[in-house]
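Colleague: Chain by chain, the residues:
There are 2 protein chains.
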Amino acid sequence: MARVEVRFAGFGGQGIGLMGRLVGEAVALYEKGKNSVMTQSYGPESRGGASSADVVIDTEEIDFPKATELDYFVVLSEEAYNKYIPKLKKGGILFVEENLVHLDDNANKAKQIFKIPATKIAETLGSKIFANIAMLGYVCANAKDIVSEEALVTVMKQKIKARYIEKNLIAFKKGKEYKQEG
Amino acid sequence: MARVEVRFAGFGGQGIGLMGRLVGEAVALYEKGKNSVMTQSYGPESRGGASSADVVIDTEEIDFPKATELDYFVVLSEEAYNKYIPKLKKGGILFVEENLVHLDDNANKAKQIFKIPATKIAETLGSKIFANIAMLGYVCANAKDIVSEEALVTVMKQKIKARYIEKNLIAFKKGKEYKQEG
Chain X
1 MARVEVRFAG
11 FGGQGIGLMG
21 RLVGEAVALY
31 EKGKNSVMTQ
41 SYGPESRGGA
51 SSADVVIDTE
61 EIDFPKATEL
71 DYFVVLSEEA
81 YNKYIPKLKK
91 GGILFVEENL
101 VHLDDNANKA
111 KQIFKIPATK
121 IAETLGSKIF
131 ANIAMLGYVC
141 ANAKDIVSEE
151 ALVTVMKQKI
161 KARYIEKNLI
171 AFKKGKEYKQ
181 EG
Chain H
1 MARVEVRFAG
11 FGGQGIGLMG
21 RLVGEAVALY
31 EKGKNSVMTQ
41 SYGPESRGGA
51 SSADVVIDTE
61 EIDFPKATEL
71 DYFVVLSEEA
81 YNKYIPKLKK
91 GGILFVEENL
101 VHLDDNANKA
111 KQIFKIPATK
121 IAETLGSKIF
131 ANIAMLGYVC
141 ANAKDIVSEE
151 ALVTVMKQKI
161 KARYIEKNLI
171 AFKKGKEYKQ
181 EG
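Top to bottom, those sequences are chains X and H. Taking my numbering, the leading residue of the first sequence gets 1, the next gets one more, and so forth. Taking my numbering, the leading residue of the second sequence gets 1, the next gets one more, and so forth.
Hints are computed from structural coordinates only; laboratory data are not their basis. Possibly wrong hints are sitting among the right ones.
As the list makes no split between identical chains, a pair holds if one copy fits it or if it spans any two.
[What the hints assert, rightly or not] Listed below are the simulated BS3-like cross-link pairs for lysine-lysine, each with C-alpha atoms no more than 25 Å apart in a straight line:
(1) Lys128 to Lys66
(2) Lys66 to Lys83
(3) Lys109 to Lys144
(4) Lys83 to Lys32
(5) Lys87 to Lys66
(6) Lys89 to Lys66
(7) Lys128 to Lys159
(8) Lys157 to Lys128
No experiment lies behind these values; they were computed from the predicted model shown.
Please model the complete structure; the sequences and the hints are all you need to start from.
Modeller: Okay, structure coming up:
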C-alpha cells in the first residue's frame, strides 16, 4: 500500500479531532501491518473556530506526519473548504457536508465528490453533535482504503462516552447507508 | 521564541494523548501569538501498549510537526523511556514518573531531571487514572516555556468529563505543588 493522506476539517465543536483520533487508532490497532499518525494543528485561526486533523496511513514507517497532498479531504465547513481545497491532490476524493459547504472550481480536480447532509441526519437523532460520526460512516462505506467498519466501530465503543455511544452508532449506520440521489 | 518540542510518553491507558491535546489546545487558544501542533503516532508498537504524543510550539508557523530533538521529555513508563530517551536533546529537560522509570546513562545529557511519584499521588485521590494530570501540574510548574497554568486549567475544564474534573483539578494542584526531597 502506498501512503494515504486524509484530512478532516470543519469548525470548532464539530468533533473534528475525534474523527482523526478514531481513524488513527482504528487503523493502527486493528488493520494488520498498517501504521498511522494523527496530527492536529492549532494556529491563531483555531481561535476563530477552524479545526483540522490529519491522518497519514502507510505500511511503512511514517517519517513525515504532515499531510501535503490529500488523497481524501473530508470537510464540514465552508471556511475549511476554502482554506484546504488547494491541498487536495488531482484525482483525490472529496467528502462534503452538503449544506455547509459551497463547492467552487477547485472541486473539479476531485475524482469523486461525495455529498451528505450529515448535520440534518444528526438532527434526526436529537443533536447536530452526531454529524461527525454520520460523516465518518459515509466515509467508511465509500473510501475503501482508509479503515474498515469493524475496526472503527471497535474503537468508537472504546473511546466515545457511554451516554453518547448508542446514538453515535446509529449516526454511523445512517451515514454508512446514505446514498446520494440522482 | 524559538521552537519548543515536547514529547509525552507512557503506556496505553495512562492518558498520554490527553496530555498532548490539553497542552496543544491550551497553547494555541490562550497563549498569545503561539502556534502548536500535536501529533500522535500509532505504530505496530501501539498494540503492545506504548503511547506517545508530541507537541511542537512556536511563534512561527509550524511546517514540520514531528519532534526530532526534544526540549522536554515527559515519560511515564520504562518502555517509553528506553525507546525515546535518545531523542532528548543535550541540555534538554526530563520529567519522569519516578516509580515507573529507571534512569540509565542516557539521562546524563539532561540539564535537569524532575522526578515525581505521579501514580502514587493519583492513588491518594482514588485512582491511578489521575497520574497524567498530576504529572501535567508538575510540568506546568517547572517548565516555564510550555504553557501557563491558567491556560491549561481553562482547557481542562472544557475537555475533561464532568465527573472527573474535580479530582483532576486536585491532581493538577498536587503535581504543581510537589517538591522533590533532598
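Colleague: Which numbered hints does this structure break?
Modeller: 1
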